[in-house]
Each structure stands twice: as C-alpha cells, then as structure tokens.
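Could you use the hints to bring the two separately framed chains together as a complex?
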Amino acid sequence: MSKYYVNKFLFTVDRDPEYLKRYTEDPHTFVAIWEQSIGPRLSDAEMSTVNGFTPQERNALINHDYVALFEMGAHFFLNLTLFIGIYDEPYMEKSGPLAFQKEFAAKLQHWVGKDYPSVAT
Amino acid sequence: MAQLVATLASTHHPFYLKATTMPPEQQMPQAAEWKRKIEAYRETLARTKPDILVMIGSDHFHQIFLDNCPQFLIGKAPRYDATFYNEEREFGIPKYVLEGDEDMSGFMHQNLMDQDFDFAFSNELKIDHSIICPIITVRPDNDLPVVPIYTNIFAPPLPSPKRFYNLGRAIRKAIDAYPSDKRVAAIGTGHLSLELGGPRQFMETGPDPEFDRQAIEWLRNGDIDAILANVDHESMAKSGNATHGFLNFILMLGVAGPEGADYVDNLDLFHTMEAYFTWYPKETAA
Ligand SMILES: [Fe+2]
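As you go down the protein sequences, you meet chains A and B in turn.
Counting from 1, one number per residue, gives the positions in the first sequence under my numbering.
Counting from 1, one number per residue, gives the positions in the second sequence under my numbering.
Source of the hints: derived by calculation from the structure; they are not laboratory data.
Just so we're clear, the structure is a prediction, and the values are computed from it rather than from any experiment.
Wrong hints could be hidden among the right ones.
Stated by the list, open to error - Just a few of them, taken from the derived set where beta-carbon distance is under 10 Å, the chain B residues facing chain A:
#1 83
#2 84
#3 90
#4 268
Ideal Cβ placement from N, Cα and C applies to all residues, glycine included.
Okay, chain B solo, but in the shape it has when bound (with noise of 0.2 Å):
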C-alpha cells in the first residue's frame, strides 16, 4: 500500500514569490525571513522523499464560477496547466504545467465515493495559486505528479468545519489504502484570518490576531476538538470575511489524525499571520 510520508498545512501567500525575487533594494524589509523561514519549511518536506503530492486549494473564481460550483472536486487529468491571466497580473506568479497521476485520482475519487464523498471531478483543470503556491514554496522544481483536490471555502453555504475535518480523514484512508508502493505526501492551503475586499483588509496585522495565535496553537497541539467547540461559519466571518479558509486547515489536520504537530513556524507579515505546519505520521517520523 502507498505510504503517507508527510501532511504540510499552510497559509499560501500569492506575493511570495514577487516579493523576494525583485531587486534586493525594493524587497520588503521581511523578504529575507520570509525566505528563510520558507526554505526551512520545504526541507520539511524534501526528507521525506516524496513520490507523489495530493495536494488540498480552493479556487479564487479563476476555473470554478457561480453557474456551476462544487463543494469538494478532484482533478483527473495526464496534465495540469497552472495560473491564469489575472494571477499574473495581479501578483506576478509564472504560468506551470503539472504533472498529474490519472491512476491515483481515480482510485481517490472511488475510494472517497465508497465512503460517501460524492466528489465533483474535472478531466480538463486548470490550477491556480491556491496549489501554485505551494509548488512554488515548498516544491519549487515542480518535478512529481500531483492529484489536485479543491474546496470550496468562498460562495457559501459551505460545507461544515466538521465535515471537512472528516473529508481530511477520508482522504488519509484513501492515500493508505492505494495499491502502490509510492511515497505520498499530502499539501494544503488555506488562511487564517484573512480579510479581502472589506473594511479590514491590508492592516498592519491580520483582521483577528487573537485569532490567528490560538489557531496556531490549536494545530500545534492537534486539537481537533477545541477547533470544532470554538470555530464555526459565524466565528470565521468574525475574523475576517475570508476565514473560511481556515477549513482547509481543519481538514489538514483531519488527513494528519489528532496530533500534534512536527514542525510549526509562522511569520507575522502586513495584514496576514502566516503558518507553516508538518506532521510525520508516527509509524514513519524519521
């Protein structure tokens, strides 16, 4: 059976890659540590030696639009191209192609549909930075298959913070349960609190900063059920009207199981906290 190597959870941050590559002169005075603390972070992945990457975004209305809009999709396609016009535009990120793993998806998309995720699919599915985003930080040479799986976190209703936690853990029984003898590891990305074309948006801080450093320990510590007691679609609006991204946190932690985490980092950047977190499964943690 394929192996779970390592589950990332982290904030994607489409400005990364712009903000420190331009000349060193115009870089933020925080380029520097953002870099640092990024390369630390896909070290993190690296030991592991992936072979395949399942990979967890939400699509910012760039393939996925409200005439047709999914809770839950997985991409099942040879091949993946990667960023649209108006990402280059707004944040200056490279078109990519990735390389998908058609295998691999079908046998997710059965295997989540035997447990009574009726998943949308896509033959034909274009990524955007939500997966751009971390190929470019933590696997920047873009060189393994991916099964791109999106969420929605952005045209409510949404689904529950509980459900995504058990979409998590239905994801990790399906990597477990593939016929393969490859090395997998699972990536996703969301936000904490996040506030985007409202009131609060681009502050010295995120929107809730009080918010940010309990969520942060929460995922430290693995504790789901603190996440389910105190987070829910209200409390996240609260914090920001684009939260709802803190749900593929929660559905990280579901693919990790209840524990604490391996490695965390964060970086408090202008108007968002970002994080950084890995889990080894226990039987594997090198």
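The following block holds chain A by itself, in its conformation from the complex (with noise of 0.2 Å):
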C-alpha cells in the first residue's frame, strides 16, 4: 500500500490546471503517464526511485473511484477537493448546487457511525 504516493496524485493534480484537464479527460492514458515522469519528480533534476502504486490503487485512481480511495485512506481534503474539481459543475448544471458532494456522501454512508479507515501515512 502506497498512501503517500495516492495522495501526491492527488495533490499533484489537483494544484494544476493542465494536469486536472488530462485526468479529467482521459484519467487512464494520464496516470500511466504520471507514474512514469510526473510522480517521480522530485525537481528539474532529481528523480525519485521508491514509490509506486499497488494495482488497486491505480484501478481507483483510473476509474475517478473516491469510494475506494477513501477506503484506502487517502486524504479526505485531496480526495474531496480533486473530484469537486472534475464533477461539481456537470452535476450542478444537471441537478443543481451540492449535488455531486451529495452523491459522494451518499455513496459513503456505510461509514456512518464507524471509525473511518485512517489518513495516518
């Protein structure tokens, strides 16, 4: 298991537009390509040689899966924060505001009243 590394997708993503339209476009052919030459950089010249993703973690990753990814413990701030990037708006426009941070609730509420899987990395 690779928390760490999820959460640096998501945070990488998130904090860039370009990145945020390739994921949201077509996330399979982006997280190859993160994998092999944006998750490694540690700066323009240092390459990191340590962390990759376990296939479950890619497949979420891939499939825009924030279910799984929450029950992986990502972060829930970098989880939330990434797909209301991608979603909110095409949800707002068909269902009016909130309605996609609604979804993504509903489709946790198995959670409710358990101990959440642990953000801890």
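Here you go:
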C-alpha cells in the first residue's frame, strides 16, 4: 500500500490546471504518464525511484473511484477537492448546487457510525 | 513593549466572498444576515486600531505536503503571495499580496524557540485561505503587515489539544515581550464540527450540532478545563473527520487566556456552524 503516493497523485493533479484537464478527459492515459514522469519528480534535476501504486490504487485512480480511495485512507481533503474540481460543474448543471458533494456523501453512508479508515501516512 | 489589543478566533468559510458578492437574485437566503454578522465582527477588530496582525491558520495541502510536514511553522518574509490556483477555481477567492514584518517574525521565532516550541520556518511562504478568509472578513483592506503562523490540523499524528493551548499561551508571551510600541491583534481561524470527503459532509447542519453548541459555550466562558477534559483527537474525529480545526480555537483561547469572550456570535449555515469570538485583554478593554 502506498497511501503517500496516492496522496501525491491527488495533490499534484489538484494544483495544476493542465494535469486536471488531462486527468478529467482521459484518466487511463494520464495515470500512466503520471506514474512514468510526474509522480517520480522531486525537482527539475532529481527523480525518486522508491514509490509505486498497487494495482488497486492504480485502478481506483483510473476509475475516479473516490469511494475506494476513501476506503484506502487517501486524505479526505485531497480526495474531495480534486473530484469537486472534476464533477462539481457538470453535476450542478444537471442537478443543482452541491449535487456532487451529496452523491459523494451518499456513496459513503455505510461508514456512518464507524471509525473511518486512517489517513495517517 | 508591544501591546496585544485583541484576540479573534473564528471559523473560516471559503465561500463567504462568493456567497455575498454574487448577483443578489442568486444569493442564498442567509447571505444578507451572514454579511451583517461579518461586518459587525470586523468592527470588533477595527475599534482596537491594530498595527500588526499575528495570524494563525492551517495550510490545506496548498504549500505544505506530506513530503515535508511541520507541526508548527512561522513565516519570515517581507511579503507573502496568497491564494492558490485550486482555491480560485473552487471558491472564487482572488489573489492577494500581504505585507510581512520580518522583524516581528524573527523576534517571535526566537522567543518561541526559547519557550521550547521548536518551530519550522519559511522564508518563501505562500498563504492559503485559512489566513486569507479572515483577511477578507475582518480586514478586507489588507492594509496591515502580518506574522503568519501555521499549525498542522490535517496530517496525523497531530499535537495534543493541551499543546495547542500551551502554544497559544507562548504566542501571547512572545507578543507581550516584543520590544516595540506597536498594537498587535492575534487572529486565528479553524472549524467547529466539520466533515469533508466523508459520509456526513454537506448536510443541513454541521455533522455534530451538539458539539458545536457545547464548543461555543466553552469558548464563551473561556473554559479551557472543560475543553481539555472533553476534547481529544478521537472525540473530534467522532464529531466529523475535519473537526480537528477546533484545535486552532483552543490555541486562540491560549492567546486570550482562560477568560470569557467579550464578543460572541454564530450563524448556522448549511453544513457548518460559523462562530466568531473576540477577547480584549482586560487591562486594555475599551
Ligand atoms: Fe479549512
């Protein structure tokens, strides 16, 4: 499990309009490119060699599967803000304000009253 | 010595600006009341005529990330850019540049180190909405230099509630010891019960209205003993997965000291309870 790296994915994509656009339009291709050249970057000159996704983590990212990401302990703030960036507007146009946020909550109802998966890394 | 003239502790709501400046026919029903409350709260700062603002907030993974994550950090820079791209995108918050005060930052850093708070520091800190929201609400002219302090309320393990309170006490001592005739206000923001990215997010109320009601009473009375007896990391998580923002209220009560607040207001908004507190140091109360 590489919670840190999943969070790094969410963090780097959420803060970059170009990455966000590519992850929205073609997540399969973008996740592959991210793993190859964006995730390992430490600076212009330095690359890390030590991180990688598990198949489950990769699939969750490719499928925009925020429920699976929550259940793996991805950080709740990053997991919310990135997918708001992708889905808030289309949901709003179709179903009104906060429609996406409410669907997000509804899909996690089975966690009410339980201890959530830890976000500690 | 510098004079602490006010301590403000409030929730920060990144949608305030958007909610109160969009075309009136599109505004939420509570927008006018919200704006009135914010403007009244702003006056509790303005009347103290501060020269410098010590601002306490918590970065939301904008500048700070898990590759290098300080518990407590002080900004030491002549100026601070503010508002990240994703905050503009999500909340419609504009960009700002805040003036810094390197002299006071440097003094505070050394003084806090001398009090055994081993602060991380940053000479190039970009500020996020935890500090820009209170600029927008209580000092929209953005005309004063700031000393920014960030706390970790996001990436466990977090310091204890007692540590946050004691840090507030230490910040108060550092302000009181600053050799200057400046008038200093301390402004910190956090949250009451809050859920983000979980099953209890964006309900009609915050995730734990009972905690919110209780927390407001504790702060109104300055009852740090009750807070420390009832609040720990587990209890906060039960009240909502982002409720740890309450730690900044505990810190601010440390700055004010264990005394009743001079100004208390709140507003029940969709998905969160907003709350606004001001303490005036007793010897300078106007
Ligand atoms: Fe926040």
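**Request:** Please write out, lowest number first, the hints stated earlier that are contradicted by the structure.
**Result:** 1, 4
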